[in-house]
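Sequence order for the protein chains is A and B.
In terms of the UniProt record's numbering, the first sequence opens at residue 1 and continues consecutively.
In terms of the UniProt record's numbering, the second sequence opens at residue 1 and continues consecutively.
Source of the hints: derived by calculation from the structure; they are not laboratory data.
None of the hints are false.
The calculated DMTMM-like cross-link candidates involving lysine to aspartate or glutamate, where the alpha carbons are at most 25 Å apart (straight line), are:
#1 Lys253(A) to Glu53(A)
#2 Lys253(A) to Glu174(A)
#3 Lys253(B) to Glu174(B)
#4 Lys213(A) to Glu189(A)
#5 Lys253(B) to Asp133(A)
#6 Lys253(A) to Asp133(B)
Taking CB as the label site, the calculated pair distances span:
#7 Thr101(A) to Gln177(B): 34 to 42 Å
#8 Ile167(B) to Asp192(A): 52 to 60 Å
#9 Asp85(A) to Asp192(B): 56 to 64 Å
#10 Thr169(B) to Ala114(A): 33 to 41 Å
#11 Asp187(A) to Asp192(B): 53 to 61 Å
#12 Asp128(A) to Asp308(B): 14 to 22 Å
Short derived list, chain B residues pointing at chain A, Cβ under 7 Å:
#13 Ala62
#14 Phe63
#15 Ser279
#16 Pro293
#17 Ser297
#18 Leu299
#19 Asp301
In this text the structure is predicted, and so the values were computed from the model without any measurement.
Idealized CB from N, CA, C, for every residue including glycine.
Each chain, letter by letter, is given below.
There are 2 protein chains.
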Amino acid sequence: MKLDRLGTTALSAALVAGALGTAATAQDREFTIAVSIPAATHGWTGGVVYHAEQAEAQIEAAFPNVDVIVSTASSATAQVSALEDLSATNELDALVILPFTSEELTAPVETVAANGTFITVVDRGLSDDSIQDLYVAGDNIAVGANTAEWLVEQLGGEGQIVVLRGIPTVIDDERIQGFTEVIEQSDIEILDIQYANWNQDEAFTLMQDYLGKYPNIDAVWANDDDMLLGVLEAVDMAGRTDVQYALGGNGMKQVIEMVMAGDERTPISTPYPPSMIASAMYMTAAQFAGQAPMRGSFLLDAPLITPDNADQFYFPDSPF
Amino acid sequence: MKLDRLGTTALSAALVAGALGTAATAQDREFTIAVSIPAATHGWTGGVVYHAEQAEAQIEAAFPNVDVIVSTASSATAQVSALEDLSATNELDALVILPFTSEELTAPVETVAANGTFITVVDRGLSDDSIQDLYVAGDNIAVGANTAEWLVEQLGGEGQIVVLRGIPTVIDDERIQGFTEVIEQSDIEILDIQYANWNQDEAFTLMQDYLGKYPNIDAVWANDDDMLLGVLEAVDMAGRTDVQYALGGNGMKQVIEMVMAGDERTPISTPYPPSMIASAMYMTAAQFAGQAPMRGSFLLDAPLITPDNADQFYFPDSPF
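Looking at chain A on its own, in the form it has when it is part of the complex (with noise of 0.2 Å):
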């Protein structure tokens, strides 16, 4: 650590004093940081709410000239809402932002970047992109793609398999293009593929159906780890033993913790992480407290979880 480094900015004040043990308050901070987020309304969301409040914490403490404040809302009215009183209270540097629908949010955030405010997108686009300065999200065709590929590889290239999608919308989209792409380079059957709409208990059911239907499936992907707990408990309620592997993906908190335990039909999930609200907050934060360049697009990998690597992705505090 270099301290005689320090001391020519104000940053370096701050760091400084917070060295010494100075409590800053929010009065002291220079810079302000809004981060709007849905409401922990199902377990992905809940996610979102824990990490974001763990990196308020986190980043408050490491960077005593940042106030970070979090906001949750829980529809995409009561969002415009929030981001209209936080920027009358309070005068933002920058808004991290994960939008309930892009419609609706797409005015209200451009306003918010027409005073000069720094603008993170978190997940969901914005109908307008060039009203960010940031974009951080998952890379939901790599969720389907790195599952097909480690799927392709367990079955040998053969076999029969069975599909649930989500809700309707791109994210679900991109997951499926990324997993039939692969799987069609191979001999794999899907003998189906119908919605679920990422509902647990929906899951259940179609996953009845589809037991009901085919004497042999090899393998489930179910394209989320909610869907995944309802197919689980169908093949089990069925006793079914053909079904080898049953994937979901999300990286949800009961699946890691079975992957750790060497789960044979689950030993691997990928990574969608709620606590991407934290990396998009930490590199807002560098472009503020750091001056480290953040302009730009943050793509994240989905690197399978497998006993090795579960560790980097197990929250056991977080709901999800």
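Since chain A is already given, all that's left is putting chain B on it; use the hints.
Using the frame of chain A, we list chain B on its own:
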């Protein structure tokens, strides 16, 4: 700041220790991040060294559990040796590397990765991109395209220009491609386009050549701010007032000072900032200090640097 959320992890303990003023020594630090970069052999790499050292001090102050080691090398061979030394004397959690050359560094970096070290590659890719966990680079096509769009607008879509190329590399090819694709959509004529190897003296000589050959030149694009300085000298020496715009790229300090001063001939630049090493270091630190997922690709935008935003790209203490 919600300190009640902390206290369960090593990170939190370290943060609390930091806030209480306990000085952390390298021995206390949980994570070691090595940064391997070219020595300050010319302007841009001088900037890389400056920003790496600044970010080292800032990151160590922000994250008491992270130790950063910056190592410079004056050749590809020296960088390979430096990697061996770094690996032999430290257990590296991460390596941030701006490789001298792709060919010579790929195998040595692969060896480091095989130990489980997280690999962040900056700017110049390795020959095998499956080795890296995180890739951080500028967008050279955007450097050319954004400059061309501005120029087309200023010239009203017509006129005669000359272009200087750098060293024959992918970087130069991409800048020229981005630029010419936009110019071809207009009625602007590129009178001449020759290499001057990103060298100020060669650019001076080439520009003298252009000025002798062409009685009217509305604008010059030098593709790089080092070359721009040579161009400006040649134009001034010839007293040529037909040259309305002389533009470079990279965001060199002297050129940003022109932009800030409202220079009429050089009112903009585009960033290809050496501070991208700091972006890569902050992102890598967040992977460890914050458990924020940082595997993926970050492509920096190349927004125009104008008088309105020039301060964000200006580092008065940097050599570049």
